[in-house]
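Heads up: the protein sequence lines correspond to chains A and B, in order.
Residue numbers for the first sequence follow numbering that gives the first Met the number 0, beginning at 0 and rising by one.
Residue numbers for the second sequence follow numbering that gives the first Met the number 0, beginning at 0 and rising by one.
Just so you know, these hints were derived from the structure itself, not from any lab.
Quick caveat: nothing in here was measured; it's all calculated off a predicted structure.
Treat the hints with care, as some may be off.
Taking lysine-lysine and the DSBU-like style, the derived pairs with C-alpha atoms no more than 35 angstroms apart in a straight line are [unchecked claim]:
no.: 1; chain 1: B; residue 1: Lys226; chain 2: A; residue 2: Lys127
no.: 2; chain 1: A; residue 1: Lys102; chain 2: B; residue 2: Lys102
no.: 3; chain 1: A; residue 1: Lys55; chain 2: A; residue 2: Lys330
Chain B is nowhere near these chain A residues, computed Cβ spacing over 10 angstroms in every case [stated by the list, open to error]:
no.: 4; residue: Val43
no.: 5; residue: Glu103
no.: 6; residue: Glu218
no.: 7; residue: Val314
no.: 8; residue: Asp319
no.: 9; residue: Leu339
no.: 10; residue: Val392
Don't be surprised by glycine CBs; every beta carbon is placed ideally from N, CA and C.
2 protein chains.
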Amino acid sequence: MTVKLQSFHPPKRVLMGPGPSDVPPRVLAAMARPTVGHLDPAFVSLMDEVKLLLQKTFMTANELTLAVSGPGSAGMETCFVNLLEPGDTAIVAVNGVFGQRMKENVERCGAGCVTVEEEWGKPVDPAKVEAALKSHPEARLLAFVHAETSTGVLSDAQSLCALAQRYDALSVVDTVTSLGGVPVRVDGWGADAVYSGSQKCLSCTPGLSPVTFSPRAVERIRSRNRKVQSWFMDLSLVMGYWGSGAKRAYHHTAPVNAVYGLHEALLMLAEEGLEAAWARHRKMHLALKAGLEAMGLSFLADESCRLPQLNAVRVPAGVDEAQVRAYLLEKFGIEIGAGLGPLAGQVWRIGLMGASASVPNILLCLAALESALLRQQAPIRPGLAAQAALATVSER
Amino acid sequence: MTVKLQSFHPPKRVLMGPGPSDVPPRVLAAMARPTVGHLDPAFVSLMDEVKLLLQKTFMTANELTLAVSGPGSAGMETCFVNLLEPGDTAIVAVNGVFGQRMKENVERCGAGCVTVEEEWGKPVDPAKVEAALKSHPEARLLAFVHAETSTGVLSDAQSLCALAQRYDALSVVDTVTSLGGVPVRVDGWGADAVYSGSQKCLSCTPGLSPVTFSPRAVERIRSRNRKVQSWFMDLSLVMGYWGSGAKRAYHHTAPVNAVYGLHEALLMLAEEGLEAAWARHRKMHLALKAGLEAMGLSFLADESCRLPQLNAVRVPAGVDEAQVRAYLLEKFGIEIGAGLGPLAGQVWRIGLMGASASVPNILLCLAALESALLRQQAPIRPGLAAQAALATVSER
Chain A
0 MTVKLQSFHP
10 PKRVLMGPGP
20 SDVPPRVLAA
30 MARPTVGHLD
40 PAFVSLMDEV
50 KLLLQKTFMT
60 ANELTLAVSG
70 PGSAGMETCF
80 VNLLEPGDTA
90 IVAVNGVFGQ
100 RMKENVERCG
110 AGCVTVEEEW
120 GKPVDPAKVE
130 AALKSHPEAR
140 LLAFVHAETS
150 TGVLSDAQSL
160 CALAQRYDAL
170 SVVDTVTSLG
180 GVPVRVDGWG
190 ADAVYSGSQK
200 CLSCTPGLSP
210 VTFSPRAVER
220 IRSRNRKVQS
230 WFMDLSLVMG
240 YWGSGAKRAY
250 HHTAPVNAVY
260 GLHEALLMLA
270 EEGLEAAWAR
280 HRKMHLALKA
290 GLEAMGLSFL
300 ADESCRLPQL
310 NAVRVPAGVD
320 EAQVRAYLLE
330 KFGIEIGAGL
340 GPLAGQVWRI
350 GLMGASASVP
360 NILLCLAALE
370 SALLRQQAPI
380 RPGLAAQAAL
390 ATVSER
Chain B
0 MTVKLQSFHP
10 PKRVLMGPGP
20 SDVPPRVLAA
30 MARPTVGHLD
40 PAFVSLMDEV
50 KLLLQKTFMT
60 ANELTLAVSG
70 PGSAGMETCF
80 VNLLEPGDTA
90 IVAVNGVFGQ
100 RMKENVERCG
110 AGCVTVEEEW
120 GKPVDPAKVE
130 AALKSHPEAR
140 LLAFVHAETS
150 TGVLSDAQSL
160 CALAQRYDAL
170 SVVDTVTSLG
180 GVPVRVDGWG
190 ADAVYSGSQK
200 CLSCTPGLSP
210 VTFSPRAVER
220 IRSRNRKVQS
230 WFMDLSLVMG
240 YWGSGAKRAY
250 HHTAPVNAVY
260 GLHEALLMLA
270 EEGLEAAWAR
280 HRKMHLALKA
290 GLEAMGLSFL
300 ADESCRLPQL
310 NAVRVPAGVD
320 EAQVRAYLLE
330 KFGIEIGAGL
340 GPLAGQVWRI
350 GLMGASASVP
360 NILLCLAALE
370 SALLRQQAPI
380 RPGLAAQAAL
390 ATVSER
């Protein structure tokens, strides 16, 4: 053990993968402020503000709205362990990695899982979901991913939540990649349990998972027959800490500085305005798309269901995609994502999330990608991408 | 929703409660460095360094040593959900809040829990534990708290781990409050699953839970009959991300900036030296003790089992203890802790953890406490505490 260790100074990166996204200096500065106690009256007030800001961001009046003290996968698990009991049935729509993870969660709760499979790259099909709800009237909940980070596909949350309501099931919605990038209307949809992540379109550091639960979901939690299998994620206990009023019961020690960061990130989003943030993500996506298409590249997902903030781009035949990513990272500090599961080697995932959704990032990424592809003699059209992208941005 | 929100600037605090402790500027600065991806080669190298530093801190060669992406209670749950299966039996020693929480965890795993109860304020009794191990040969594990944060009591981990080995049970040890403050010799004890927290004697921000597992514990995890009930905490998956080599499988998104902070905090501890840090905690405890006793105050725990870093001090008869804490916080920015459970109203918990274990903090705390008690006409001896404390510090 004679390794000489020293303070870590990260290399400069441009984060254009599937998250984390670039974190604004304001958020980093907020996180570096002195730590206070997790039961300090000043911190309790901050928690109240975070709750208010999350309600605005989720577009909900849900009382049970908070940040789980863990990453998005802890938020996902919080939803399932609180809403399911052994022997329950859940319907899970699977059209990518995160639908599969939902299924894993359901099964580990001891519940039966009915999956509605869809080809990766396609949205969840409401007709198939309705058929599953019809043939499984015992199903307690319907779970689906709003924005599949593994494929860049947006599903129709409005219709799917309406179906869940019609068949008397609770809806569980993954908005990890959608929140802040495209409309997430929790009350408008009538969604029951919705979770997200701090490090995508909210442009905060990773580590927290915003969640919100409808009164119907809370009623379900209150009427459980047995304790939640996770003590850490048991909302009946967490509520006592994140609840209303000045009196908070100690449950666990909140990650105080991470909450400072989330507060600042949500504040910045509120200052920009939700609608303006959605418009920016859309505009930046169109610029990237124009540049990529000018180069001759194409998307995995159909335009009708394509996420602006997560662009799954097909790897041209004969190209070593890993070499392209390594070149971007090593030469230009740009991180883009690889394909997952059946899409490994077939797509890149280019994120335009939060602060990463910017013109300089897009121009850098297009130029670097063009350079990488030319080095591999890929059949692309060089020299057109930047102007194509800028033409889109300058349009009214 | 017309509340005008703005950036959060925390009040200045001196953290002398049961954690979090004061976080050094170096750690805060590390956390504010730009975020990189959780699979970035630079971050993977950092994870390797964190692992090495944690091994040094835990005094272990255990390969499976990492920081769980959640607070100490997530680290606790990670131990139980991975080591227990439904129908197993576990013996849990309970001498405070955190032993109770261990029991909750065991039961939520569907395992049977045999508790060995001890009066709060006393250490776990190895003789009673041995009796339980004898009468429950089926017990798979023995769990206990090394340093009970609710009472300020240290238990004899060496003897308890040896008993677990003798009766062929795995030992699970809570070192949340002990790690970095008093000796924690994981390999020396032969402990099997040990968890801690970032925000106590390590003086990092809250939110991460260092854990380490012996080869025997890993073997137990590998030979499970059924999947771990928590997907997020399933070490067979987490190992793929925190494992050796450059190739890491994505499991969840690590809280990147929090890991920067933990790295810096562990580095500072390595620079000071573990033995020096233990000696500093001890020396500062003796100073605080001298001051408190000069004033006429006394401790809950007997000297033989008293933690230097967590001082449970008896509230004098007739004193409104909540008013004292409020006065300290409002007038001097000092946070000290209240009693929990049966000790509510009976003790204060004064932390001297990590960077908080310093002479200026002790002098401020003694003077402020004296002032608060005099305001309530408590029968204390004023004017003696500071010199009594300093006399101890200046001793050779």
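Comparing the hints with the structure gives:
1. B:Lys226 with A:Lys127: holds (30 angstroms)
2. A:Lys102 with B:Lys102: holds (29 angstroms)
3. A:Lys55 with A:Lys330: violated (40 angstroms)
4. Val43: Fine: 12 angstroms to the nearest Cβ keeps Val43 of chain A off the interface.
5. Glu103: For Glu103 of chain A, whose nearest Cβ neighbour in chain B is about 5 angstroms away, the distance does not exceed 10 angstroms, so it is violated.
6. Glu218: Holds: least Cβ distance 22 angstroms, greater than 10 angstroms.
7. Val314: holds (18 angstroms)
8. Asp319: holds (17 angstroms)
9. Leu339: The claim is violated: Leu339 of chain A sits with its nearest Cβ about 8 angstroms from chain B, within 10 angstroms.
10. Val392: holds (25 angstroms)
Of the numbered hints listed earlier, those contradicted by the structure are 3, 5 and 9.
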